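There are 2 protein chains.
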Amino acid sequence: MISSGPTSKSMRDRKLGHRRVNEAGVVTYKKKPTSELMAAIQLGMGQSIGGLSSITERDVLMQDFVVVQSVFFPKEGSNMTPAHLYSDFRFKTYAPVAFRYFRDVFKIREDDFMMSLCDEPLQELSNPGASGSIFYITQDDEFIIKTVQHKEADFLTKLLPGYFMNLSQNPRTLLPKYYGLFCYQCGGKNIRFTVMNNLLPSGIKMHEKYDLKGSTYKRKASKSERAKSNPTLKDLDFNENHPEGVLMEKEYYDALIKTLNRDIRVLESFKIMDFSLLVGIHNLDLAAREKANVSLQRGKSFKTRLAQFSTALESITAKADIDDENEDENFPPGGIPARNSRGDRLLIYLGIIDILQFYRLKKRIEHQLKSLVIDGDTISVHRPAYYAQRFAAYCANRVFKKMPVQLGIVFAYLSQQFINTCIYHRNLLILVFITAIY
Amino acid sequence: MISSGPTSKSMRDRKLGHRRVNEAGVVTYKKKPTSELMAAIQLGMGQSIGGLSSITERDVLMQDFVVVQSVFFPKEGSNMTPAHLYSDFRFKTYAPVAFRYFRDVFKIREDDFMMSLCDEPLQELSNPGASGSIFYITQDDEFIIKTVQHKEADFLTKLLPGYFMNLSQNPRTLLPKYYGLFCYQCGGKNIRFTVMNNLLPSGIKMHEKYDLKGSTYKRKASKSERAKSNPTLKDLDFNENHPEGVLMEKEYYDALIKTLNRDIRVLESFKIMDFSLLVGIHNLDLAAREKANVSLQRGKSFKTRLAQFSTALESITAKADIDDENEDENFPPGGIPARNSRGDRLLIYLGIIDILQFYRLKKRIEHQLKSLVIDGDTISVHRPAYYAQRFAAYCANRVFKKMPVQLGIVFAYLSQQFINTCIYHRNLLILVFITAIY
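Note that the protein sequences, when read in sequence, are chains A and B.
End of the first sequence = 438 in full-length UniProt numbering, gap-free, step of one.
End of the second sequence = 438 in full-length UniProt numbering, gap-free, step of one.
Since the hints were made in silico from the structure, they are not lab data.
These numbers come from a predicted model, not from an experiment.
Accuracy of the hints is not assured; some may be wrong.
Identical copies carry no separate label here, and so any pair may be met within one copy or between two of them.
Below, computed lysine-lysine pairings styled on DSS-like, alpha-carbon distance capped at 27 Å [unchecked claim]: (1) K75 / K402; (2) K223 / K92; (3) K258 / K107; (4) K271 / K30; (5) K92 / K205; (6) K158 / K271; (7) K151 / K30; (8) K189 / K151.
Assemble the whole structure, with the sequences as input and the hints as a guide.
Laid out in structure tokens, this is it:
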């Protein structure tokens with residue numbers, strides 16, 4: 001039998017950020033097995049959210065944003081906490097009353113929230129982001145739990161008053177929806193994590209998935225990423241795959257761009273950069289052709305969601321405002337209707353992600369500035385505006401396009417199979433009619 | 001002819017704070033004649049509010065709270081400002097977009113606001129508060145302009161995010177409604193002022209007026225105040241005049257106390273103390289008896305008000321929620337229906353005032369602490385909570401009382417003159433029936 005030594009690259013621990021996978025396939029975060037982490041934070045969140053019900057509903061005050069609640073969970077249990085099988089730990093809840101308000105804005109009932117997070121095992125996503133964060137998803141597909149760095153957590157708490165202002169003025173937003181911020185403390189380690197909305201319902205097959213920033217520099221997915229079964233592609237890949245962009249009817253396009261611009265203004269006001277637009281594309285026509293593969297895992301995706309204003313479609317528009325043309329029960333809900341240039345019917349799932357990396361990035365820029373000896377102030381003032389403007393322009397002019405009215409009519413005929421195939425390219429429309437000869 | 005020299009006390013300048021009245025009766029503020037001040041700030045506000053219309057409506061962002069807009073008004077005019085008859089001055093507008101949002105919450109249209117403030121001369125209130133501030137009132141009785149000290153203006157700008165949070169969660173509040181904060185700068189002097197709602201409509205005769213704090217220490221109006229035709233009385237005077245408090249039906253009482261408690265919690269959260277409840281009492285039965293005196297100056301008080309949620313009644317409850325029993329056109333609007341212990345029908349006009357004196361007071365306390373050598377931290381943490389609790393208890397248990405159901409019935413009979421007179425005293429009800437003998 002041949003055993004490969006520890007020098008063999010494929011068998012060594014694979015590490016990305018604080019996330020590490022050892023030889024046996026055990027995933028750890030800050031050297032803590034993620035299975036233990038999951039169980040402990042479920043205990044912690046259960047106690048925290050359950051305990052909140054004793055605080056009567058009241059208005060959120062400014063100082064609620066800086067409250068940190070801390071509870072000790074000894075292995076043997078206490079009069080506040082149950083006994084458990086893991087190491088003693090401390091569990092912190094940031095701004096509990098403020099986050100309860102945010103959940104209330106999204107009409108998430110507290111007992112539903114607790115059940116989703118704590119009653120069933122979480123599923124760990126095996127394909128983490130570039131940051132080395134751990135992602136868990138709840139069984140009901142509703143919530144994402146993501147570990148965040150210390151500085152990201154600090155930044156989120158600083159962001160809360162502005163976040164409150166944004167939500168109170170428009171709950172329809174494509175910004176990440178933060179439902180909670182917690183910290184698990186054990187053996188001198190702090191593991192902070194947020195609970196967020198899940199942008200891409202796992203029951204709906206995403207035929208394409210993009211992380212877009214509006215930049216071209218190093219914005220092509222790596223070979224290893226593209227080799228994956230469900231890769232996250234980047235700007236250059238999108239430009240190549242969709243030379244004409246994704247086409248939307250005027251009302252959807254206008255609602256989407258209006259929401260995006262408002263959200264980008266908030267990000268710019270906090271000098272946030274380097275955020276992305278995560279776009280998942282479900283191709284209805286492709287799905288119909290793939291039907292044998294059962295691309296829609298029923299029973300999981302078609303339940304009523306707990307959170308409101310949470311799907312892509314709800315985030316950009318009051319559903320009642322636009323005729324609901326997709327009343328078919330088998331039609332996946334929540335996506336924004338669109339077409340690609342071949343006229344395929346698409347559903348777009350999207351949201352802005354990675355808005356907390358400000359400080360990490362700021363440090364990096366400051367470092368660059370020091371070595372380049374450039375006026376730091378000018379750069380730090382103008383960079384966020386430049387990033388925001390470029391991002392907004394890329395979304396509005398390149399990624400999404402308003403469907404010309406005539407094209408909409410052709411596509412409608414296409415759906416009814418009067419026209420067999422068409423290709424939209426540089427404002428030229430190539431129609432293919434095939435008439436059966438009887 | 002006898003002329004009294006400048007040593008005669010009655011003829012010397014009378015000064016209170018920055019407000020001074022000279023021998024000829026000319027009122028000055030920081031040595032600036034208030035007539036010139038009025039004209040200049042009307043010019044300034046007109047330019048500021050008018051200019052705001054070019055900024056398209058958008059969401060308020062966190063940094064909008066710290067914006068200060070500054071415009072120079074040379075005597076000879078400029079391409080932005082008209083020529084005028086006064087000294088050159090500079091006019092500053094604090095947080096213009098944020099205050100526009102507040103006006104929008106209260107449904108004040110921008111052109112109405114500008115017309116009220118700028119198109120007609122303001123009327124200066126001759127009976128200023130104890131602070132030595134100047135008060136102007138607009139011709140339409142809608143807005144009060146009040147000078148504030150530098151530290152008060154600073155504090156208001158610090159308060160704005162919390163103020164926003166409060167308004168966005170409940171526009172129904174008895175806190176002062178701030179519609180703008182400005183600064184007139186001339187000859188090295190800064191005169192800052194706020195535009196607020198007018199709590200006591202001048203068209204409705206206030207038979208009694210109180211400034212209440214929930215304290216008994218030095219809370220009796222001075223002899224000179226009581227000698228005035230329309231004095232502002234204090235806690236001890238109220239306790240003497242209303243030994244049984246003011247009686248309200250359950251629904252009004254509950255709505256009022258709920259609103260007050262919510263407002264007091266906001267004030268406490270900002271460690272604000274020394275605020276007052278301003279209460280104006282219009283006695284409908286007394287007014288009917290005084291009818292010859294024309295206590296209601298028609299045409300002024302009965303117009304539709306510009307601001308919504310602005311009257312006392314609207315501040316505590318959605319008007320539609322409570323049956324509007326006072327549909328009589330001649331019935332003064334906006335007051336909360338109540339009774340005194342004799343069963344007289346009252347209308348109560350009220351609001352919380354003087355919430356910006358925090359810093360001034362803080363300085364005074366710090367000074368006391370230094371001389372007394374007491375642990376400053378303990379005091380400064382507990383004092384606001386104590387003040388808030390005492391204030392709330394005084395309002396809920398002493399000033400306003402829930403009318404016993406039986407008493408309500410008796411009072412109703414009284415109104416219909418089945419009973420001629422009754423006196424409610426220490427839970428005893430003395431009824432007087434006078435039956436006419438035919």
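Okay, the hints, checked on the actual structure:
In the homo-oligomer, the alpha carbons of K75 and K402 never lie at most 27 Å apart, since the shortest distance is 59 Å inside one protomer and 52 Å across protomers. Taking identical chains as interchangeable, the C-alpha atoms of K223 and K92 are never at most 27 Å apart, the minima being 40 Å within one chain and 58 Å between chains. Taking the shortest alpha-carbon separations for K258 and K107, both the intra-copy value of 23 Å and the inter-copy value of 24 Å come in at or below 27 Å. Within a single copy, K271 and K30 get their C-alpha atoms no closer than 30 Å, and across copies no closer than 41 Å, so neither meets the 27 Å cut-off.
In this homomeric assembly, K92 and K205 never come within 27 Å of each other (Cα to Cα): the closest approach is 36 Å inside a single copy and 57 Å across copies. Taking the shortest Cα distances, K158 and K271 sit within 27 Å of each other both inside one copy (13 Å) and across copies (21 Å). Taking the shortest alpha-carbon separations for K151 and K30, only the intra-copy value of 16 Å comes in at or below 27 Å, while the best inter-copy value is 49 Å. Taking the shortest alpha-carbon separations for K189 and K151, only the intra-copy value of 15 Å comes in at or below 27 Å, while the best inter-copy value is 44 Å.
In summary, the numbered hints that this structure violates are 1, 2, 4, 5.
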